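Here is what each chain is made of, one letter per residue.
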Amino acid sequence: ETIRATSAFGPNHAIAKDVYPTIFQKLEEMTDGRWTGQDTPSGLVAPNEMSTGLRDGVTDFGPLLMPYFIAEYPESALVSELSMLGSSAQVVSSAVTEYIVTCEPCQAEFSRNGQVYLGSDTTPLYQLLSTKEVRTVDDMKGLKVRSGSPFYAAFIESLGGVAVQMQSSELFESLSQGVIDATFSSPHEIIANRLGDVVKFATEIDEGVFNGAAVATASKLLWDRMDPEDRHALAAASQYGLAAGLAGFDAQIKEVRDQNLVQFVEPDAALIEARDAFNEQRLAGAAAILEERGVTDAQTKIDRYTALIEKWEGLVKAEMPAEELGALRDKEIWANVDFATYGQ
Amino acid sequence: MEPMTIGILALVALLGLIALRVPIAAALIGVSFLGIWMIAGIRPALSMLSTIPYTTSASWTLSSIPMFLLMGYIAYHSGLTRGLFEAARVWWGWMPGGLAIASLAGASGFAAVSGSSVACSAAIGRIAVPEMARQGYNLSIATGSVAAGGTIGALIPPSIILILYGIQAETSINQLFLGGLFVGLASLLFYVAAVLIVWWRNPESLPRSTAHSMGDRWRKTAEIWPVLLLIVAVFGGLFTGFFTATEAGAFGSFVAILIGLARRSLSWEGFKESLVDTLLSGGALFIIAIGANLFTRLVAMSGLSMQMGLFVEGLGLGTFALLLAIVVIYLILGMFLEPIGALLLTLPLFLPILAQHGIDKLWFGLLVAKLLEIGMITPPVGLNVFVIHSVARDYVRLEQVFAGIIPFILADLALVACMLAIRGLI
Amino acid sequence: MLKPIETAIARFSMVIGGAVLILMMLQVVVDVFMRAFLGAGFPATPDLVGKYYMVAVSLFPLALTELKRRHIEATIFTQRLTGRSRQCVILFGFLIFAAVLAVLLYGSTLEAISKTQRGAYIEAGTIRFVTWPSFWILPFSFALALIVILIRIYEVVSEQFDDDEHDVMEQVDAIREDA
Ligand code: NA
Ligand code: NA
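Protein chains in written order, with this note's numbering: chain W, 1 to 344; chain E, 1001 to 1426; chain L, 2001 to 2179.
Worth flagging that the hints you see were computed from the coordinates, not collected in a lab.
Just so it is clear, the structure is predicted and the values come from calculations on it, not from any experiment.
One or more hints might be untrue.
[As the list claims (entries may be wrong)] Below, a sample of chain W positions facing chain E; criterion: calculated Cβ distance under 7 Å:
hint : residue
1    : G57
2    : G178
3    : A298
[Said to hold, decoys possible] Which residues of chain W face chain L? A few of them, derived with a C-beta cut under 7 Å, are:
hint : residue
4    : A46
5    : E72
6    : P74
7    : P150
8    : S158
9    : G160
10   : V162
Glycine included, every Cβ here is placed at the ideal spot set by N, Cα and C.
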């Protein structure tokens, strides 16, 4: 049978180019060709329609960006508040995936929406991509920066900058006209979102990641058509695909560096100190923010996630090949899952 | 039934319903709903009808459209635009098709502030069409020229389509913008040529006014400072980064109101009429946009576009024949779909083919943008034509606007042929 | 008998729709000025404009648009029809429109209920921006439009419907005399 997938972010996005092709190739291998997948990268379901699209079987498989539907996933999106933890996308995405797979209230959120969670990817560490050079705390004062989440909005404001809300479709124009001066993003977006023409500098501030994308999410209607063995194959294949996607991001960043598409700027010590102080304070206040959002017993959950980050810091080796990371994720996260009951 | 068959039947049913005078929005939504139901079941069909009206209309970027409509209506009701066209008339009225050419030039100027061609048509249409009617222009040509002129809005930067294409095809947006500027100006030239040919074949459709003395001209020009102020405020704010293209419409409306109040030319009645006219135009337009969006999803689900892509690939054509086939596909899809939907639908099919045939992505992006914009003015679903009809419906029928478009579509096809020829030369 | 209902719906739509347009314009202008002169813009402007004003401006005038007979349709193949066959064509269009609006009303009501139950919101900067009420604009607008179309169907069936297709040439002549 063919899974009707919708990667939704267009044919040149990492999900359409690296993640889903790898998933379906692995799935075919693991199920001896019983299952494969066909992606419609754009035109069928938009990212902000994915939650109902998966629930009602408009598509079988797609990336679910939890910030779009934050009220539906307060527990699963908890990790977004803890964006400052973790040293690489490989570590964070593995920890996030393990956290959500083993978190009962998170599973309930996906069930209620007719979906089955199979794994998250994470962007590389965010840097400040700007049209003028930013090196010091002083440079941040009055700087107009696009922020994609409350975490970055608060960080920008703590440094005396101005956090501007803006849709990604307006980003290019706004940077080139000077409506905003900078955006927080991973440098791979300089290629992926064609920002190279307007962004001139990348201040390597290493502040957090975007970890709210449940890129491998299946419709419950698909899951019900699969037997436990094939379900495990899809879950495992997803880990290889997600790992391939992370490698793809790293390759794009390398290209940005090799081709000198922007000038990388090292922030001064005071800016790094300000970052660390902000992160510490934010982490201390995270439980309160989450409780307010309806998450119960938040501190315990934060501690559990922090422990998972530490666990994966130990497991993930620098320069680990994608194939190896996929296998490791399959073994560590999915080996003990009962696929007769998971996602029910 | 095969999804493909359902897709083709849906196209036929849509044409039939529109011909039977079913409101176009209702035809689009009804056919999409039944088609998706037949392909995927009632649950996905109902799901899409429940979510897509919201996701289509709940858009900050699209907010520029009602705001530019409002700006146009206020400028009209406070008499700002009459002066502008009086001035255009005394300067260029003696020229064949002078006012049509002036509105095409005006649309190109607006194109530099607006990223969408509907917003551009909306802004110019309300201003230009009544003035052309006053001078006795054939209303088909008058409305057709403005509807066509609006398509320049998405070619001359800023352009939402070109940004989307740049991201999807990994092409420099700045270079696309530069190319878009050329294609936009070339479109302007071709449209002007179309106006002149229409006049040459039938001089009575575009009557000339008497020549005016230079003194007359300057006197009229001195009277148009309010509208110049409006233009300076909108353009100035945009180019200095004071506001974005999305915000320009709201700001322009605000400035138009201030000018109208300062000159005591905007009455309470005129203001109320502007608001109601904006609501009516927006109400007619957005529900069609929602229908066109739903129809795009049906085409995606039926695999119709994918089959077209595979079919073209399977023919094993040479590069030139392949490009011709792609042009035909875009012209057909453009008849029914709105441009952004059509772009999202087709890029996954054509990008790989481009790479195989070594077709330059920058050039192809400009070609696609041009072809998609042609779709804005072709029947049966032509959003630019609808917006012009909506602002001028007291004195023109929809069919007349579509009839007026014909010379401009021919001009567009000539330009597309030139673009194909230029590629051959490189 | 039904005229008062039509008038009431038209008045109501104009007042609410007009107010939203003015609010939308003012808020964007205030946001632009605040961003330029105070640093930060008016909080959540794109979200308020996108999720509330735009939904209202796009869908709320549906009923008014029909009352003023401004929905776009192609008359080219049917304009020569008269009498009974003309009424049939018009009735057919209204029936399809009514069916479509009924499905839209049903679907959007379910969606609005679901969003309300979850208390849907988005995060705009550092503030939490509630979006679930905006989903109710849809069923409300579709219901209003459906009422108007049902009145139209009644009018056609009871032969009270006056298409009021004005002669466009008269309008053109008027505008030309004005010149
Ligand atoms: Na433009
Ligand atoms: Na068309």
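Review point. Quick one, is the S158 of chain W hint okay against chain L at 7 Å, beta carbons?
Key: Result: violated, 10 Å to nearest chain L Cβ.
Exercise for review: Against chain E, run the beta carbon of A298 of chain W and see if the smallest gap drops under 7 Å.
Suggested key: Check failed: Cβ of A298 of chain W comes no nearer than 31 Å to chain E, outside 7 Å.
Exercise for review: Answer holds if the nearest beta-carbon of chain L is closer than 7 Å to that of V162 of chain W; otherwise answer violated.
Suggested key: holds, 5 Å
Point to revise | Proposed interface contact between P74 of chain W and chain L, which counts if any beta carbon pair is under 7 Å | key: violated, 10 Å
Point to revise | Hinted contact G57 of chain W with chain E - closest CB pair below 7 Å | key: This hint holds: G57 of chain W lies near chain E, its Cβ roughly 5 Å from the closest one there, short of 7 Å.
**Study point:** Interface hint outcome for G160 of chain W [beta carbon to chain L under 7 Å]
**Key:** This hint is violated: G160 of chain W lies away from chain L, its Cβ roughly 9 Å from the closest one there, beyond 7 Å.
Exercise for review: For the hint on E72 of chain W, just tell me whether its beta-carbon gets within less than 7 Å of chain L.
Suggested key: Since the shortest Cβ distance to chain L is 6 Å, the answer is holds.
Point to revise | chain E contact restraint for G178 of chain W - C-beta distance below 7 Å | key: holds, 4 Å
**Study point:** chain L contact restraint on P150 of chain W - CB to CB distance below 7 Å
**Key:** Hint on P150 of chain W: holds, closest Cβ of chain L at ~5 Å, below 7 Å.
Check your understanding: With a cut-off of 7 Å, does the beta carbon of A46 of chain W approach a beta carbon of chain L closely enough for the hint to hold?
Key -> violated, 14 Å
In the structure shown, a violation is registered for the earlier hints numbered 3, 4, 6, 8, 9, in ascending order.
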